[in-house]
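Undergrad: Sequence:
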Amino acid sequence: MSTLSGRPNTALVVIDVQNGVVEGTHERDQVVANISSLVGKARAGGVPVVWVQHSSKHLVMDSDEWQLVPELDRDESEPLVHKTFADSFEDTDLEDVLAKGGIGRLFVSGAQTDECIRSTIHGAFVRGYDVTLVADAHTTEDLSEWGAPPPDKVIAHTNLYWENHTGPGRTAGIQPTKEVDFS
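Residue numbers (UniProt numbering): 1 to 183.
For the record, the hints were derived by calculation from the structure and aren't laboratory data.
Note that beta-carbon positions come from the ideal geometry of N, C-alpha and C, so glycine has one too.
Take the hints with a grain of salt, since some may be wrong.
Label-pair restraints from in silico Cβ distances [claimed, not checked]:
#1 Pro8 to Tyr161: 36 to 42 Å
#2 Pro70 to Gly128: 21 to 27 Å
#3 Gly6 to Gly167: 31 to 37 Å
Listed below are the simulated DSS-like cross-link pairs for lysine-lysine, each with C-alpha atoms no more than 27 Å apart in a straight line [as the list claims (entries may be wrong)]:
#4 Lys178 to Lys41
#5 Lys41 to Lys100
#6 Lys41 to Lys57
Can you make the complete structure from the sequences, with help from the hints?
TA: This is the structure:
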């Protein structure tokens, strides 16, 4: 139902599941396991997996912190999008990668919920994509010391509002890993 004509295909987008991003995040191991399960399901269903990798002055390209977590194995044939802003579309080739694949529907997973995940799901939605956030496959660190809610509340709130997000001609929603079916 995407507003992007001629783009009937689906992709799984894995955002910033890097050593220095997910270290110490809420339920890190379970979230990474869920993402690994999603990657397996996508590959088995012939659905493209698009990897996004952030770099910054605190996350230096090619450093150990910048690397994808060892539990996830990116196939060299799968697109890798490099970004420097929270929104994975901002100043990257993500849109080109998705357009080339005829992709109009995204399943989104990764980190961090309150920054790159939120920015990317909104960025995709306003660009006309149908966007499903995988409810138990995104995480964030504890920023409550600076006034943020605890991470479990950040995740729950993001799931709550995305489940009820609407716009003309496109869909938003959430699904737990076990219910995601790419076939």
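Undergrad: Are the hints correct? Go through all of them and say.
TA: Right, here's what the structure says about each hint:
1. Pro8 and Tyr161 have their C-beta atoms about 27 Å apart, which leaves the hinted 36 to 42 Å range violated.
2. Restraint check, Pro70 to Gly128: a C-beta distance of roughly 35 Å breaks the suggested window 21 to 27 Å.
3. The hinted window of 31 to 37 Å between Gly6 and Gly167 is violated, with their beta carbons roughly 20 Å apart.
4. With a CA separation close to 10 Å, the supplied pair Lys178 and Lys41 stays within the 27 Å bound.
5. Between Lys41 and Lys100, the direct Cα distance comes to roughly 22 Å. Compliance with the 27 Å bound is thereby established for this hinted pair.
6. For the given pair, Lys41 sits about 34 Å from Lys57 by alpha-carbon distance, which is inconsistent with the 27 Å threshold.
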